[in-house]
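Chains as they are written, first to last, in our numbering: chain A, 1 to 115; chain B, 116 to 228.
Hints in this document: simulated from the structure, not taken from any laboratory. Do not rely on the hints blindly, as some may be mistaken.
As the list claims (entries may be wrong) - Restricting the straight-line Cα-Cα distance to at most 27 Å, the calculated cross-link-like pairs of lysine-lysine (DSS-like) are:
#, chain 1, residue 1, chain 2, residue 2
1, B, K227, A, K99
2, A, K44, B, K167
3, A, K99, B, K171
4, A, K71, A, K15
5, A, K44, A, K83
6, B, K183, A, K62
7, A, K78, A, K62
8, A, K44, B, K183
9, A, K71, B, K175
10, A, K99, A, K11
Now for the letters of each chain:
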Amino acid sequence: EAGVAQSPRYKIIEKRQSVAFWCNPISGHATLYWYQQILGQGPKLLIQFQNNGVVDDSQLPKDRFSAERLKGVDSTLKIQPAKLEDSAVYLCASRRDFKSYNEQFFGPGTRLTVL
Amino acid sequence: GDSVTQMEGPVTLSEEAFLTINCTYTATGYPSLFWYVQYPGEGLQLLLKATKADDKGSNKGFEATYRKETTSFHLEKGSVQVSDSAVYFCALSDQGNAGKSTFGDGTTLTVKP
Chain A
1 EAGVAQSPRY
11 KIIEKRQSVA
21 FWCNPISGHA
31 TLYWYQQILG
41 QGPKLLIQFQ
51 NNGVVDDSQL
61 PKDRFSAERL
71 KGVDSTLKIQ
81 PAKLEDSAVY
91 LCASRRDFKS
101 YNEQFFGPGT
111 RLTVL
Chain B
116 GDSVTQMEGP
126 VTLSEEAFLT
136 INCTYTATGY
146 PSLFWYVQYP
156 GEGLQLLLKA
166 TKADDKGSNK
176 GFEATYRKET
186 TSFHLEKGSV
196 QVSDSAVYFC
206 ALSDQGNAGK
216 STFGDGTTLT
226 VKP
């Protein structure tokens with residue numbers, strides 16, 4: 001089966017600009033995650049979707065970050081306006097459902113550099 | 116909230132050496148535990164998992180046992196190879212919180228020939 005797809009793979013922007021990332025999960029996976037991974041740290045959950053509903057967005061900086069998952073398939077994550085500290089790799093992952101014993105499948109990530 | 120603590124790295128070993136990477140966790144419920152691996156230039160992928168106390172996960176010669184009494188899930192391998200050089204992440208998934216996952220900060224392993 002095809003894996004989790006993300007685009008773009010790399011993005012360089014200046015602070016205060018906006019940026020959007022796209023994710024296409026594995027077909028049939030109901031649960032989708034967006035993580036932020038700062039260099040030298042583990043992935044930090046930003047938002048979790050179950051189908052097209054938000055399950056957890058407690059760590060999403062809502063003043064600048066937004067995410068949606070229309071029709072319960074593809075998802076986009078947007079940052080507006082970007083700050084220097086947003087430089088990180090943004091990972092998308094999907095899971096068959098939210099049962100804790102199922103593994104997550106990760107995309108290759110988008111490396112964002114904010115200048 | 117939930118948390119995962121991994122031993123600090125990086126770890127450098129010679130080929131065929133014994134590997135242990137420590138991982139301890141804090142969770143309110145009964146989480147499932149995972150080790151994910153990230154090889155150079157690749158995305159994270161599952162290495163092994165255990166879903167209840169005393170379960171042992173194993174894959175590619177790696178093993179980890181879910182120890183509820185010590186809240187640990189240490190990763191071990193008897194004889195490492197150069198190809199095992201990667202970043203290893205310990206993670207938990209909390210069924211009581213819609214499967215929310217929490218990751219450690221990763222341990223970088225370098226194996227020298």
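Item to complete: Would you mind confirming whether the straight-line C-alpha gap from K227 (chain B) to K99 (chain A) stays at or under 27 Å?
Response: Judged against 27 Å, a Cα distance of about 39 Å means the pair is violated.
Practice prompt. Would you check the hint for K71 (chain A) and K15 (chain A), treating anything up to 27 Å between C-alpha atoms as holding?
Written response: 31 Å, violated
Item to complete: Would you mind confirming whether the straight-line C-alpha gap from K71 (chain A) to K175 (chain B) stays at or under 27 Å?
Response: Outside the cut-off at roughly 38 Å; violated.
Discussion item. Holds or violated: K183 (chain B) and K62 (chain A), Cα atoms, limit 27 Å.
Written reply: Violated, at about 36 Å.
Fill in: Satisfaction of hint between K183 (chain B) and K44 (chain A), Cα-Cα up to 27 Å
This hinted pair holds, its Cα atoms lying about 24 Å apart.
Worksheet item: Would the pair K44 (chain A) and K83 (chain A) pass a check requiring their Cα atoms to be no farther apart than 27 Å?
Response: 17 Å, holds
Worksheet item: Going straight from one Cα to the other, do K78 (chain A) and K62 (chain A) come out at no more than 27 Å?
Response: 10 Å, holds
Practice prompt. For the pair we were handed, K99 (chain A) and K11 (chain A), check the Cα-Cα distance against 27 Å.
Written response: Violated, because 33 Å separates the two Cα atoms, which is more than 27 Å.
Discussion item. With the threshold set at 27 Å, check whether the alpha-carbon distance from K99 (chain A) to K171 (chain B) stays at or below it.
Written reply: 19 Å, holds
Worksheet item: Is the Cα-Cα distance between K44 (chain A) and K167 (chain B) 27 Å or less?
Response: 24 Å, holds
Violated hints, listed in ascending order, are 1, 4, 6, 9, 10; each of the other numbered hints is respected by the structure.
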